[in-house]
Amino acid sequence: MLKCSGKCEVLAEDAKQKIREIIESFKDVKDPLIEILHKVQDYYGFLPYNVQAFIADEMNIPLSDIYGVVTFYARFTTEPVGKNRISVCLGTACYVKSSQALYDALKQKLKLTDDCMVTPDKKFSLDSARCVGACGLAPVIMINNDVYGKVTPAMLDDILAKYE
Amino acid sequence: MEKYTVEDLKNIKAQDEHLLTPDKDKKEYRILVCNGTGCTSSKSPLILKKFEEEIEKRGLTNVQVVKTGCFGLCALGPIVIVYPEGAFYSEFNIDNVERVIDEHIVGGNVCKDLLYGETIDGDNVKPFADTTFYGKQKRVVLRDCGVINPEKISEYILRDGYTALARCITNMKPEEVIDAIKDSGLRGRGGAGFPTFRKWEMVRAAVGDQKYVACNADEGDPGAFMDRSVLEGNPHCIIEAMAIAGYAVGANKGYVYIRAEYPIAVKRLQIAIEQAKEHGLLGDNILGTNFSFDLEIRLGAGAFVCGEETALMNSIAGLRGEPNVKPPFPANKGIFGCPTSLNNVETYANIPQIILNGADWFKSMGTEKSPGTKVFAVTGKINHVGLVEVPMGTTLREIIYDICGGIPNNKKFKAAQTGGPSGGCIPEEYLDLPIDFDTLSSIGCMMGSGGLIVMDETTCMVDMAKFFLEFTVDESCGKCVPCRIGNKRMLEILTKFTQGKATEEDIEKLDELAHFIGDASLCGLGKCAPNPVLSTLKSFRNEYENHIKGICDAKVCKALKKYQINKDVCKGCSSCARSCPVGCISGEIKSPFEIDSTKCIKCGTCFDKCKFGAIEII
Numbered sequence: 001m002l003k004c005s006g007k008c009e010v011l012a013e014d015a016k017q018k019i020r021e022i023i024e025s026f027k028d029v030k031d032p033l034i035e036i037l038h039k040v041q042d043y044y045g046f047l048p049y050n051v052q053a054f055i056a057d058e059m060n061i062p063l064s065d066i067y068g069v070v071t072f073y074a075r076f077t078t079e080p081v082g083k084n085r086i087s088v089c090l091g092t093a094c095y096v097k098s099s100q101a102l103y104d105a106l107k108q109k110l111k112l113t114d115d116c117m118v119t120p121d122k123k124f125s126l127d128s129a130r131c132v133g134a135c136g137l138a139p140v141i142m143i144n145n146d147v148y149g150k151v152t153p154a155m156l157d158d159i160l161a162k163y164e
Numbered sequence: 001m002e003k004y005t006v007e008d009l010k011n012i013k014a015q016d017e018h019l020l021t022p023d024k025d026k027k028e029y030r031i032l033v034c035n036g037t038g039c040t041s042s043k044s045p046l047i048l049k050k051f052e053e054e055i056e057k058r059g060l061t062n063v064q065v066v067k068t069g070c071f072g073l074c075a076l077g078p079i080v081i082v083y084p085e086g087a088f089y090s091e092f093n094i095d096n097v098e099r100v101i102d103e104h105i106v107g108g109n110v111c112k113d114l115l116y117g118e119t120i121d122g123d124n125v126k127p128f129a130d131t132t133f134y135g136k137q138k139r140v141v142l143r144d145c146g147v148i149n150p151e152k153i154s155e156y157i158l159r160d161g162y163t164a165l166a167r168c169i170t171n172m173k174p175e176e177v178i179d180a181i182k183d184s185g186l187r188g189r190g191g192a193g194f195p196t197f198r199k200w201e202m203v204r205a206a207v208g209d210q211k212y213v214a215c216n217a218d219e220g221d222p223g224a225f226m227d228r229s230v231l232e233g234n235p236h237c238i239i240e241a242m243a244i245a246g247y248a249v250g251a252n253k254g255y256v257y258i259r260a261e262y263p264i265a266v267k268r269l270q271i272a273i274e275q276a277k278e279h280g281l282l283g284d285n286i287l288g289t290n291f292s293f294d295l296e297i298r299l300g301a302g303a304f305v306c307g308e309e310t311a312l313m314n315s316i317a318g319l320r321g322e323p324n325v326k327p328p329f330p331a332n333k334g335i336f337g338c339p340t341s342l343n344n345v346e347t348y349a350n351i352p353q354i355i356l357n358g359a360d361w362f363k364s365m366g367t368e369k370s371p372g373t374k375v376f377a378v379t380g381k382i383n384h385v386g387l388v389e390v391p392m393g394t395t396l397r398e399i400i401y402d403i404c405g406g407i408p409n410n411k412k413f414k415a416a417q418t419g420g421p422s423g424g425c426i427p428e429e430y431l432d433l434p435i436d437f438d439t440l441s442s443i444g445c446m447m448g449s450g451g452l453i454v455m456d457e458t459t460c461m462v463d464m465a466k467f468f469l470e471f472t473v474d475e476s477c478g479k480c481v482p483c484r485i486g487n488k489r490m491l492e493i494l495t496k497f498t499q500g501k502a503t504e505e506d507i508e509k510l511d512e513l514a515h516f517i518g519d520a521s522l523c524g525l526g527k528c529a530p531n532p533v534l535s536t537l538k539s540f541r542n543e544y545e546n547h548i549k550g551i552c553d554a555k556v557c558k559a560l561k562k563y564q565i566n567k568d569v570c571k572g573c574s575s576c577a578r579s580c581p582v583g584c585i586s587g588e589i590k591s592p593f594e595i596d597s598t599k600c601i602k603c604g605t606c607f608d609k610c611k612f613g614a615i616e617i618i
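Top to bottom, those sequences are chains A and B. Following the numbering used here, the numbering of the first sequence begins with 1 at its first residue and continues without gaps. Following the numbering used here, the numbering of the second sequence begins with 1 at its first residue and continues without gaps.
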């Protein structure tokens, strides 16, 4: 069963207003659901149940369809992410340069488990990226929008310290 | 905003063409700063800004500072090129901006110590086009990448931009455009090599009032980034090509489906579309003719299967990106159920030049059945990681050893992987095989989008096959059983190999399953998913057999390796113990240290840290 938070919380009025505006801005576009979900996630950070339900009502689309789309695409998340989002690239170019070791070391350092990839203080979350297209700098990790290239496990402490 | 006519395009070119070729005697300079994704990660936008500020501060006129797309040699970024000399500054440090302006721009002397080593020839500066990396390349698709500012339509026009479109819609019938592409023999660069003209012809002949053209920019293969570079370096050529395709097939609307993971490419394409609309190169009555064409961007959301054409079209319609059974083919029933012609970015990038230079010119490059060039993103264990465009039929040896400078640390070549998770690996015996669509499929590989990942003796082929299968299992949409369940089972068997728990029987099982999945899956993703397994089984069967015996030749598979400290070599400096993320190394300073193998996570940090080579992998 996939997790989906936000089932019980009521969506704040200002969030509703903002989401309405996003939907309104696509009124001339044919079948814009995915574009709208991108914009809403950019604004809200993630797509919990209550946000999906609100979009369903506003757009007059069954919630099941929206849930189907949200859970199909890797970029949409129904769970909150940490303040600093760490993505280790596990694309092929990075993988052959041992990026898996970086992922394992980060998981160990931040004491994360497969069930919970966010630190208790919500400061960091860890995930893997398919390919950020900076293959020339492999192996690469990305923290928020900063790309770090040619990373070794030994460099991780110094990099993480910048976000403490 | 002024709408261009065909005359305007000619006038702009005639008036401003000199901007591209600065004249040293007039103290004219053109400074190109790479702002592709690779160089942007190493802070090249700051270098660009600093150049602009310093040039303005000094009140220098006749100096252009130009933001460009990728130059291709990503391993040596950030890169700055200064014309007229063509001085190629690599691994450029922002602190050197003022020095380059003072010595080179103002003083007229190239800062030789900052140049890419290969461009220095005694006292002279060699044009970078003559270096081994660029010398053997033939840039058609990447012709304008790293040459023009992708955010200025005028620069594209100086390079004959939109003249191919003008020629098509003013002088040619749609059928003639299709014939021109047919004569050129252009085949789709997205992977399978399907003749481009045939798709166009089918859509042209299809019944329907509304038709669409679409561009597949969902470059999902990890390690492939040529489409991204084209969109970042020259987005206008895709707009022009799609308009030409629209004219040829009878469509008035196009969609570009692009990965959300490529923010820079999306932004530049958006800017380019806006500019094209402002100048009447998109929209109603293009260049004053009866032809109207509009373009819209649709973002992907991180699903590899959306590179498959029917899945892509479902995703454009805002649905789950699951593939459909074919037929009906997209040429009859595509986006929103209308006839649709879908081509890949690199395919489109060839179109304007085929129209301008003719089919014979195009056929003069490449092989008989695969004319033209192919862009490869060469990554992995290779000295010059980057984008390389070569004529079809170039051998792997030329690409890897001549152009890309071979494998670092004199390691031995083991295999090259093409076609990403859908492709196969090419072992050493085929290094001299001329690469084109047909030769690759004859050895069980595929061209794919052009990712070329080089692996050396330190890569474990079983682990690699497992890596690709993890990818496809993760990305399988789940619609059909062979792909959803079969690949999962195959992954479990491969995991047994990497843990040293496999038996002889498992090799046969893998082989059998692989064939079933390939035959029975619904779409290309499932059909090609077993390729990495089949090709490694064929060329590196001995590695599978060794894993059964508990040996990983490349010392990659964690369960089969162990780190230990050679007591005779260890100096007791404690550097390994201090860097160990789990604190499993202990000992007294100046006497040999020891690794507690029960706690060791085998991350290899100690191995990298030790200056004396005392850490051994067994």
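Check the hints yourself; a few may be wrong.
[Stated by the list, open to error] Derived lysine to any residue pairs resembling SDA-like cross-links, with alpha carbons at most 25 Å apart:
#: 1; chain 1: B; residue 1: LYS611; chain 2: A; residue 2: ASP57
#: 2; chain 1: B; residue 1: LYS602; chain 2: A; residue 2: ASP158
#: 3; chain 1: B; residue 1: LYS138; chain 2: B; residue 2: ALA554
#: 4; chain 1: B; residue 1: LYS609; chain 2: A; residue 2: MET142
#: 5; chain 1: A; residue 1: LYS107; chain 2: B; residue 2: LYS411
#: 6; chain 1: B; residue 1: LYS561; chain 2: A; residue 2: ASP158
#: 7; chain 1: A; residue 1: LYS150; chain 2: B; residue 2: LEU46
#: 8; chain 1: A; residue 1: LYS16; chain 2: A; residue 2: ASP57
#: 9; chain 1: B; residue 1: LYS571; chain 2: B; residue 2: PHE607
#: 10; chain 1: B; residue 1: LYS411; chain 2: A; residue 2: THR152
#: 11; chain 1: B; residue 1: LYS561; chain 2: B; residue 2: LYS527
#: 12; chain 1: B; residue 1: LYS412; chain 2: B; residue 2: ASP179
#: 13; chain 1: B; residue 1: LYS67; chain 2: B; residue 2: MET172
#: 14; chain 1: A; residue 1: LYS150; chain 2: B; residue 2: ALA554
#: 15; chain 1: B; residue 1: LYS599; chain 2: A; residue 2: LYS30
#: 16; chain 1: A; residue 1: LYS30; chain 2: B; residue 2: GLN210
#: 17; chain 1: A; residue 1: LYS30; chain 2: A; residue 2: ASN84
#: 18; chain 1: B; residue 1: LYS527; chain 2: B; residue 2: GLY587
#: 19; chain 1: B; residue 1: LYS3; chain 2: B; residue 2: MET172
#: 20; chain 1: B; residue 1: LYS562; chain 2: A; residue 2: MET59
#: 21; chain 1: A; residue 1: LYS39; chain 2: B; residue 2: LEU319
#: 22; chain 1: A; residue 1: LYS30; chain 2: A; residue 2: LYS7
#: 23; chain 1: A; residue 1: LYS18; chain 2: A; residue 2: ASN144
Just so you know, the hints here were simulated from the structure itself, not pulled from any lab data.
These are the hints, each one checked on the structure:
Between B:LYS611 and A:ASP57, the direct Cα distance comes to roughly 63 Å. Violation of the 25 Å bound is thereby established for this hinted pair. Between B:LYS602 and A:ASP158 the alpha-carbon distance is near 21 Å, which keeps this suggested pair within the 25 Å criterion. Distance hint between B:LYS138 and B:ALA554 is unfulfilled; the C-alpha atoms sit about 36 Å from each other, more than 25 Å. With a C-alpha separation of about 23 Å, the suggested pair B:LYS609 and A:MET142 falls inside the 25 Å cut-off, and the hint holds.
Between the alpha carbons of A:LYS107 and B:LYS411 the distance comes to roughly 31 Å, so the proposed pair goes past 25 Å and is violated. As the CA atoms of B:LYS561 and A:ASP158 are separated by approximately 28 Å, the hinted pair breaks the 25 Å bound. Our distance criterion of 25 Å between C-alpha atoms is met by A:LYS150 and B:LEU46, whose separation comes to about 20 Å. For the suggested pair A:LYS16 and A:ASP57, the alpha carbons sit about 11 Å apart, so the restraint of at most 25 Å is met.
Distance restraint check for B:LYS571 and B:PHE607: the Cα-Cα separation of roughly 14 Å lies within the 25 Å cut-off, and the hinted pair is therefore satisfied. For the given pair, B:LYS411 sits about 20 Å from A:THR152 by alpha-carbon distance, which is consistent with the 25 Å threshold. Proposed proximity of B:LYS561 and B:LYS527 is contradicted: the alpha carbons are some 34 Å apart, above 25 Å. A threshold of 25 Å between alpha carbons decides the hint, and for B:LYS412 with B:ASP179 the separation of about 47 Å lies outside it, so the pair is violated.
Only pairs whose Cα atoms come within 25 Å are accepted, and B:LYS67 paired with B:MET172 is rejected, the gap being roughly 35 Å. Between A:LYS150 and B:ALA554, the direct Cα distance comes to roughly 21 Å. Compliance with the 25 Å bound is thereby established for this hinted pair. Distance hint between B:LYS599 and A:LYS30 is unfulfilled; the C-alpha atoms sit about 56 Å from each other, more than 25 Å. Between the alpha carbons of A:LYS30 and B:GLN210 the distance comes to roughly 14 Å, so the proposed pair stays at or under 25 Å and holds.
For the hint pairing A:LYS30 with A:ASN84, the CA-to-CA distance comes to about 35 Å; that exceeds 25 Å, so the pair is violated. Taken as a hint, the B:LYS527 and B:GLY587 pair is broken in the structure, with Cα atoms around 54 Å apart against an allowance of 25 Å. Taking the CA atoms of B:LYS3 and B:MET172, the gap is near 22 Å; set against the 25 Å cutoff, the hint holds. A threshold of 25 Å between alpha carbons decides the hint, and for B:LYS562 with A:MET59 the separation of about 57 Å lies outside it, so the pair is violated.
The straight-line distance between the Cα atoms of A:LYS39 and B:LEU319 is roughly 16 Å, inside the 25 Å bound, and the hint therefore holds. Annotation: proposed proximity of A:LYS30 to A:LYS7 is violated, straight-line Cα distance about 29 Å (limit 25 Å). About 23 Å separates the Cα atoms of A:LYS18 and A:ASN144, which keeps this hinted pair within 25 Å; it holds.
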